[in-house]
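Listed below are the residues making up each chain.
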Amino acid sequence: MSRTTLLLVALGTAALATLASCGGGPDTAPLRVYRHSLDEAPTSLDPVHAATVYSNYVIRATYDTLYAYEYLARPYELEPNLAAAMPEISPDGLVYTIPIKQGVRFVDDDAFPHGKGRELTAQDVIYSIERHFDPANRSEGQWLWRDRIVGLDDWGTSGANYDADVAGLRALDSHTLRIELTRPYPQLPHTLAIGFAAIVPREAVEHYGPEIGIHPVGSGPYKVESFDTAKAVLSANRAFRQESVDIRAEGYDESLHAFTHVAAIDGRAPPFLDGIEIHFIPDATSRMNSFEKGNEIQFTELRNEQADAVLASRNPPALLPAFAQRYDLSTGLEAGFLYLTFNFDFPEIGRNEDPERAARNHALRCAMIKGFDWKARNDTFYFGLGRVFPGVIPPVVPEFDPQLSMTSVELDVEGARKLLADAGWTAENLPELVYADTGTGNHQQMYEQFRGFMERIGYPPEKIVWKPYPTFGDLQAAWKQSQLPLVFHSWSLDFPDAENALQLFYSPNRSPGSNDSNYSNPAYDRLYEQSSVMPPSPERTAIYHRMNQMLIDDCVAISGIARTRILLWHKNVIAYPDREILGGFFLKYVDLAR
Amino acid sequence: MHYALRKLAGAVTLVLGVTFVSFLFMVWFAPDPTYKLLGKNPSAAQVEQTRELLCLDCPFPVRYLRYLGELSTFDFGNSWSSGERVSRLLARTMPVSLALLAPGFVLGNALGLLLAMVAAHWRGRWLDRLIMACAVAGMSVSFVIALIAFQVVFSSSYGLDLFPVRGWDVHDFGDYLRYVTVPTLATIFVTLGYNTRFYRAVLVEELGRDHVRTARAFGASTPEVFLRNVLPNAAIPIVTRLLFSIPLVVIGGSLLIESYFGIPGIGKATYEAIGAGDQPVLKAVVGLTPVLFVVALLLADLFSHALDPRVELR
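Quick note, the sequences are listed as chains D and U, same order.
Note that the first sequence ends on residue 594 in our numbering; no numbers are left out.
Note that the second sequence ends on residue 314 in our numbering; no numbers are left out.
The shape of chain D in the complex, shown without the other chains (with noise of 0.2 Å):
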């Protein structure tokens, strides 16, 4: 290419550039909006598909639920958030009353007559949680209270008439609810605090039909302006109820969060924003440039291959010096884990109906499990600061036991050998296993890890079987059929409670449901079933305690690593950004320096 013709492109697009700088754009827009970067975004606004990070980012920013968590406090603690005060709880703990506040409304929409927001009441919680039992709207969240509230697994089957009583839901007045449980379940006060519970009048419902997945109507601090694949536009609810943040109660620590200078909304009623932007990219070039530019996104989790060019040390993880004078950073570990369970049933691997097969494939279970380096698998994908842990209960949980035996995920592969020798596994007779995920380029790089891991204890790598699927979905249709003996899998904790990642084995919840490993041990049953009624205790913790054991001694599955996030956010932003819970609760929050 010519000088000339160097030049004149060079011209034309600065042209370009200057003509469209004329239209003006959101860096010259005078409403102080907050932008925020998600890595997928959500398929729909409505509470009952409240199932991701992503579509709870924007429903709880959107809708009011009864509880919340406390901004800062970790631990997470539960806290009225609509409801006017914590549940008053019968003494067989069957019965939940609720009083819920007063004066809160919906915001102004046309699903009102004459487009005005009414009064939330005690029914429209009803009708929010009823509305998860109406086989016509598909819920994702109807777990949470199948066969808890009394009548209303009944009230779904016959017919889901909004205008027939359930009896386990009753408003004793206007702003008082009286929850009914079929046997005791303390875990409620936490299912009230997440997407799934987030209230939605009838009326929005009636009017925008399925499409209320795309138009949300809530009581909560912002409102969607608009909503796509691309991007969620949310500006200030001036009706929302003025109350004014107590930093303190919200769990502040000026050693921990001082840097964050979040205390600048101490006293502060929210929302404190004209507006939110939340930029769903997926990309995560895209996402940092967008990130770097200064006056798009202000807010991006680091990946892995960006590390380095961003941190100066991993561990702990430190910014270089011309990202530290631009960006805050903070870390925590994810409330989740990763794992990849045996599916019991595969024969081959897993339940047999010959006592001495199944004792083999114990023996084979545990050495792949003695097996597995995850220091390796740490450093190579979780920038080496993921936390491996024994067993399913993650380090988030008030239960997680930190004096746990570490030895089934320490690296042995001396033991292994010896184990899958003892058992008379060899190369010739061991069996062949399909390793499936989606065909990313990293999770292939994770089949390709783990086959070498299994290769060093013995395992001929031709058969460890390489499946990807196109889409999650496929996979997740996979698993939910059981169809694949290796299932590799991230769990999110909707609730900060081990019985959320206990119940991932108990029998019942087999495939469809999220027992993936169709493991199933009736001591085990008996003690989920024990614990799973019982209110936070040192007894109920000994009991999680004892079926984290039984699943480690059962070799159920190679667990488990908790990840740690690297957050980064502009200095102008005042927050304390966590995608954990189900995420986004903090959008609340958040302000923008002056």
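Keep in mind that the hints were calculated from the coordinates and are not lab data.
Among the hints, erroneous ones may be present.
What the hints assert, rightly or not - Per the computed footprint, the stretches of chain D lying under chain U, defined by three or more beta-carbons under 8 Å from a beta-carbon of chain U, are:
id, segment
1, 141-152
2, 212-221
3, 225-237
4, 247-258
5, 293-301
6, 542-552
Backbone N, C-alpha and C fix where the C-beta goes; we use that ideal spot for every residue, glycine too.
Using the hints, position chain U against chain D.
Frame of chain D; chain U shown alone:
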């Protein structure tokens, strides 16, 4: 008119054939979407209810006839994922794709034609070789790499920093230019090689014909030869190519551009529908594509006849 009606009637068979095959592969043999739709902990009863609700257990003829009914009324119901009416989703996303891809499409073809004319005129000379070498080089660069490079060069804080990195926040013409320029440049860069090579081949063939040689022998200048003798005759393959590209632009959008730049067009919507097993959206896209192709086929025939009356409309 008689021809058009006859052609449209014949097109029904074509549409039925194409929709049958696409329905078979995109919907009937597609992975069961029930589990994706119900999340992580459905009960077996819930799975059954949902399959019944969405007619996923219905026999093939029932589902296919339903699909044809939807296609004939252009009413595909609501997206299974977001709940949005499919017609509204198409009306929202198709104009975005059109606005995004039209400048690159028009400029890419115009520039391609221009370069092809230059190359064809100097066929075998160094300029022809240079243009063709650049065309091949451009074709060899992956679209993804081109997108990343253009974004870094024109938009990022490490480059010229002239345009937004991504997004589509268009309220006026200035916004439009801000957001469309970099994707357009990337599109032109990637498609220019293909266009130039195609147009050059067409033009070289025309330049070798007897009437062109005769025109030159009578002293016609190069611009006259191109305008009077070459381009009118080359118009048929060129117009056909352009018309056949339009359905892809309108319905297909550009998955890569839209995904990478975060632009809510039809390509991104289709990709997400595939990932989510959102069959109402997929059925709409799969159904409308052959319909648009049939229209393009018809228009191509009519244009060909208009440009060269020797082309019969039978």
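How the hints compare with the structure:
no. : hint    : in the structure
1   : 141-152 : holds (count 4)
2   : 212-221 : holds (count 3)
3   : 225-237 : holds (count 4)
4   : 247-258 : violated (count 0)
5   : 293-301 : holds (count 3)
6   : 542-552 : violated (count 0)
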